[in-house]
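One letter stands for each residue in the lines below.
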Amino acid sequence: MNVIFVAPLIVSGIAAVLAALISILDMIVNNYGIVKIVINKGKKELEVKGGGNLLQLLAGNDIFLPSACGGRGSCGACKCVVKTDIGPLLPTETPYMTKDEIDVNTRLSCQIKVKKDIEIEIPDVLFNVKQLEGVVEKISDITHDIKELYISIGEETIEFEAGMYVQLVVPPYGKIKGETQRAYSMSSPPSDKNHVEILVRLVPGGIATTWVHTELKEGDKVKVIGPFGDFHRMETDATMICIAGGSGMAPFKSIFKDMYERKINNREVWYFFGARTGKDMFFLDELRELEKKWDKFHFVPALSEPEESDNWSGETGLITAVLHKYLKDKISSDTDREGYLCGGPGMIAACKSVLTDNGIPLEKIYFDNFA
Amino acid sequence: MAPDINLVTLFIASIFTSNILLSNFLGMCSFISISKDMKSSNGLGLAVTVVLGFTGIINWLVLHYILIPYGLLYLRYVVFIIVIAATVQVLEMVIDRISPALYMALGIFLPLITVNCAILGVVLFVEIRKYNLMQTLFFSIGSGLGWWLAIMALSAIQKKVQNAPVPAGLKGPGITLITIGFMAMAFIGFSGMVNVQ
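Chains A and B, in that order, are what the protein sequence lines are. As numbered in my numbering, residues 1 to 371 make up the first sequence, in order. As numbered in my numbering, residues 1 to 197 make up the second sequence, in order.
Derived from the structure by calculation, the hints contain no laboratory data. Any given hint could be a false lead.
Mimicking DSS-like on lysine-lysine, the simulated pairs with C-alpha atoms at most 27 angstroms apart in a straight line are [claimed, not checked]:
{"id": "1", "chain 1": "B", "residue 1": "39", "chain 2": "A", "residue 2": "99"}
{"id": "2", "chain 1": "A", "residue 1": "296", "chain 2": "A", "residue 2": "330"}
{"id": "3", "chain 1": "A", "residue 1": "113", "chain 2": "B", "residue 2": "39"}
{"id": "4", "chain 1": "B", "residue 1": "36", "chain 2": "A", "residue 2": "99"}
So here's chain B without its partners, still in its complex pose (with noise of 0.2 angstroms):
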């Protein structure tokens, strides 16, 4: 059974109060990563986005009316692996030919996304919590805002990092990950307000 939560509550939610990289820390190797760069941030977080939205409709189809039927639960990891990497290539494809200009700002980090976890992570969460159709469509894209704010907020800290005395030892990833731990606990000011499961 679906748990109650009305579209709003998880949509806002899964944005904030359970942030999927903050509160989850799904989706770590590339968040650290591209985040030195704001453009860059902006164009992962714009592809984790529609990524999100469109596997996590897929998988949510494939896991009710193929896996769970057949009693297959247990493929359920290769099968969304199989199904995220299809549906990026077929995105980048269509991506390519309708829109160059997204195409070319997404560049490199379409592909990088198949094996980024916070998508498959949204996915199992989606299998875990029992959410509906209606619910996990609201939940990717709310989950794929979420990983956009936090990097594009990140980047942004990132920037006034450069300039600040940082000592030498903690340069580089060291400062992030403070970083990243200090935003990860005024997230946790939200969390409570709202459950998710």
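Same shape as in the complex, but just chain A (with noise of 0.2 angstroms):
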């Protein structure tokens, strides 16, 4: 009888000392004490725990490093250049490092550790950025798929320019044991400082936009982290010519809305707009109106698979052969032409070549790149 137990005591329990030495030794070695992080030339100096990894220390002395991912390593956003020697570069980062990032020593926050004191340097506009913590507002069904929400941030306010994302924080729910993190272009206007508003659409099998799709009620508390990005309307007189499908509809909202607010009316404005069947296109009315007042606008939206039922009398075809039909024949290329895009990496990599087959050079083409 004894023989039975003896077995799986002893291996187990040689097994449970190895792992109680493991768990102690990791307590007493991995103790770093305090380290101090020197953030642009001293501009601010943060005391933190040392061993964890820069970027939860960054964020938990409230300044957000962009991180579509979370903190897994697979976006490469949450890059800073780091001026204190702590060794090579480590092969999860090479991949999202360019030579001239490596040159400056440019490292992959959420991938090291804090274990002296160091010295880093990030984009001063990050200091802007912001956890707030807010009650949904509202939630509105877009179309079949595209809900709206409508985030209050009560007192609190963001500062932020037309086009650039939010990060949401989703919390555990379901089967998904940690917190999840995904960016989102916000469609409210700078004006409106005291809420943030994004568009979430289904994808089946994604964890934000499930969580957004079936657990999210009104009332409820979410928590954004943002303003986030580099896609915006560049200060210019040239014509905008601005292409999007499905969510991708968001940062063109605010930014149409902001320019109109601001009675920015120096250039010319042509939004497409791409979507498969009637199902699948919104803010039909609203932009149609904003293009009766606002006489620099013009809208096209075009129905890739247009049904019996939807009555379309608008283009039809794929967004990218309407796009080359207007850019021949009925916008003058006269004057300078931007592109910006937002959408699916597909139809943005299909968008910049026709783009560029018509004339603009790649560097006039914007775009967010949400991998």
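Once you've looked at the hints, go ahead and assemble the two chains, each given alone in its own frame, into the complex.
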């Protein structure tokens, strides 16, 4: 009888002793005490408990680097320049770095551990980034798979340029154990400082989108971090050629509202919006209304596969084909033209090539890269 | 009963005459894949030696004070591997703290060693040949140094081979295996000089 118990007891005993040893040692060895993080040559100095990763230590002190993946090292957004020698680039960082970035010792803040006093440099605008505690004021069904969230951030304010994005913090739910963050462009205009509005399209299997579509209710508390991003309107007189699909509508809604409110009327604006069928199309009335009130604004919605029941009288075909037709015939190439894109990677790549084929240089095509 | 071999003989023998790699062909996978680069070879050799020194001793203690008294010898593979994995984990943490430079030099090799068969092989030899504690220490470190010597020798030879006119079909692993074969034959010349069992 004893024999049956001795073997498992001894093996698990050995494993337990070793595990305990590792945990105790971890507590002793990985205790780095208090370390100092100096940001932008002393603009800000933080004293933090050493041993953690830089991204989290900064976030704990209200400095938020952009991070679309939430610190898993899969988006490459949380880059910062490290001035102190903290050893060579890790294999997890190299895929995201260009040669220029390596030369100035750019690192992924989610991958590096802070073990001693370090000096880092981040863009100054990131000091504006805040973590905002909001309440969902309204959830509207925009189409069968897109919801609009209107989040009140109460007394707090958010200062941003139209086109920027926020990161929505998704708490653990159902089978999802950890906290997740996902980036969404703001669709509210910068003048609405006490609200954040985003469009969320349901992606089958998506952690954040499923949460918004199935769990989130009006009145719920949510956290957003922002603003981030450098997608915004350039201050030129060039004709703006804006192209979007699906929830890519969001930044443009913000940009157009902002331009209209501030009566910016020095340039032509063309807005191409592509959808598959009538049930994927939205904000038609609002945008047509805007077109009537604002003579420089032209709205071109297009359906790629219109159905009988849609009664569609507008453009049909893929948005790239419609865009090509307009660039050839309707949009004058006498003035400079700039491209603004928001949509999936496939759409961005396809539209980029249509724009460059029609003489718009690559450096004048702007887009957000949410991979 | 422990075999009657003096420690210096055992130490020298484990480096040269019964080289763990070239006479027992243990730890082959990392030997072939890492030996392309001399700097990495050096790091890996050092890591193997350090880990062998520690795991040899710890596993000897586990073997003689836990497994044999309780008649659990049949569990030795599982237990040895658990001990090796834990030791590597502990070493990794300690080295990271004490010497970040060494930690960077060992890099990803340290965790890889957990599954290096030379490490388990040495422990099993210790058990079969019934070494005592001191013999185990000298045999483990000697084997580590022997492994280190072999991988450094191979990577040095590989450097020469790179500039040699190797037939296209033999480039890469082919010529490496042939090289290792020659090295092993050279080391066989030593065998029989000293008996380690």
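Status of the hints after comparison with the structure:
1. 39(B) - 99(A): holds (23 angstroms)
2. 296(A) - 330(A): Holds. Residue 296(A) to residue 330(A) sits at ~14 angstroms (cutoff 27 angstroms).
3. 113(A) - 39(B): holds (25 angstroms)
4. 36(B) - 99(A): Holds, because 25 angstroms separates the two Cα atoms, which is no more than 27 angstroms.
Checked against the numbered hints above, the structure violates none of them.
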